[in-house]
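I would like the entire structure built from these sequences, with the hints used as guidance.
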Amino acid sequence: MKTLLGIGGSEDSLRALEKAVERAKEAGDELTIAIVENPDASLSQSEVEARASDVLAETGVEADIETLTGHPGSQLLEIAERGSYDRIVLGGGETSPLGKVQLGSIAEFVLLNARTTVTLIR
Amino acid sequence: MTREYPDDVAGPYEAPPYEFEDREGRSIEVQRYDDGIEPLVEMYSEFDPEDRAQGIPPTNEDQIRTWLESLTDADALNVIAQHDGDPIGHAMLVPDDDGSFELAIFVLGAYQNAGIGTGLIEGLLGAGREDGVDLVWLSVERWNKPATALYRKVGFRPTDDGSFELEMAARLTPAE
Chain A
1429 MKTLLGIGGS EDSLRALEKA VERAKEAGDE LTIAIVENPD ASLSQSEVEA
1479 RASDVLAETG VEADIETLTG HPGSQLLEIA ERGSYDRIVL GGGETSPLGK
1529 VQLGSIAEFV LLNARTTVTL IR
Chain B
14 MTREYPDDVA GPYEAPPYEF EDREGRSIEV QRYDDGIEPL VEMYSEFDPE
64 DRAQGIPPTN EDQIRTWLES LTDADALNVI AQHDGDPIGH AMLVPDDDGS
114 FELAIFVLGA YQNAGIGTGL IEGLLGAGRE DGVDLVWLSV ERWNKPATAL
164 YRKVGFRPTD DGSFELEMAA RLTPAE
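Residue numbers (our numbering), protein chains in the order written: chain A, 1429 to 1550; chain B, 14 to 189.
No lab work stands behind these hints, which were simulated from the structure alone. There may be inaccurate statements among the hints.
Stated by the list, open to error - Listed next, the in silico DSSO-like pairs over lysine-lysine satisfying Cα-Cα at most 27 Å (straight line):
id, chain 1, residue 1, chain 2, residue 2
1, A, K1528, B, K158
2, B, K166, A, K1528
3, A, K1430, A, K1453
4, A, K1528, A, K1430
5, A, K1430, A, K1447
What follows is the structure in structure tokens.
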């Protein structure tokens, strides 16, 4: 399976990073990690990239890391279509103080527009 | 995150405790609640999964307990509606990191569409104002017309951020 993991610097992205890399290791998936611009996130793109490299090093998984600029959702979809990916994997949203699931705007855009399967990681 | 609150103050609302008759003629008591989670665990275990909203209440009992424990901590405000001594509705204000409060309300299926939601949410907002809560927000699925109508009626206005869920906000005290 050819998988595109899209992450910004939000907490659910970082959780998705760990789980998706673990999953790629188990399943032997071909993984690409795309780091998107998320203005709401607390981490910068280079910090996220460093985090992704660490996780790959720890798990011994090989994956390309790409840093995307511009509109995150449409950039992800473009890469997914151009690279014939089977699946896009994203963080599954943050929870509000009350515990309600709140889907991020990137996940919403990708869900509504993707032609591939989309997996949201909780 | 910056959220736009309405200029107008919502309400006024009476603070609980009070009692009212619902549209089915049942006598409903609204009061503040800080009596431990057990009666609420019982209420939520009867909750119809169809009426869940954005993942809450959770469906299994352990998760319901964990969720309720997080809601009944010191800074959250809980108000319940009771019929014949049992809780049949629960509304809450939970502080966020910006000094405002997130609101949610749940009413058991057999007690919906009887005016209890209005009675309960007004009690919660009355209690919130009594405790110095200024700004309240919530998120609701856009298709949930009964809920959005209720929130609008008691003074919430869409802050519209264009996402799946509709976000609404209300002001309980005048802007400075």
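Now for the hints, and whether the structure bears them out:
1. A/K1528 x B/K158: holds (18 Å)
2. B/K166 x A/K1528: holds (22 Å)
3. A/K1430 x A/K1453: holds (13 Å)
4. A/K1528 x A/K1430: violated (32 Å)
5. A/K1430 x A/K1447: holds (16 Å)
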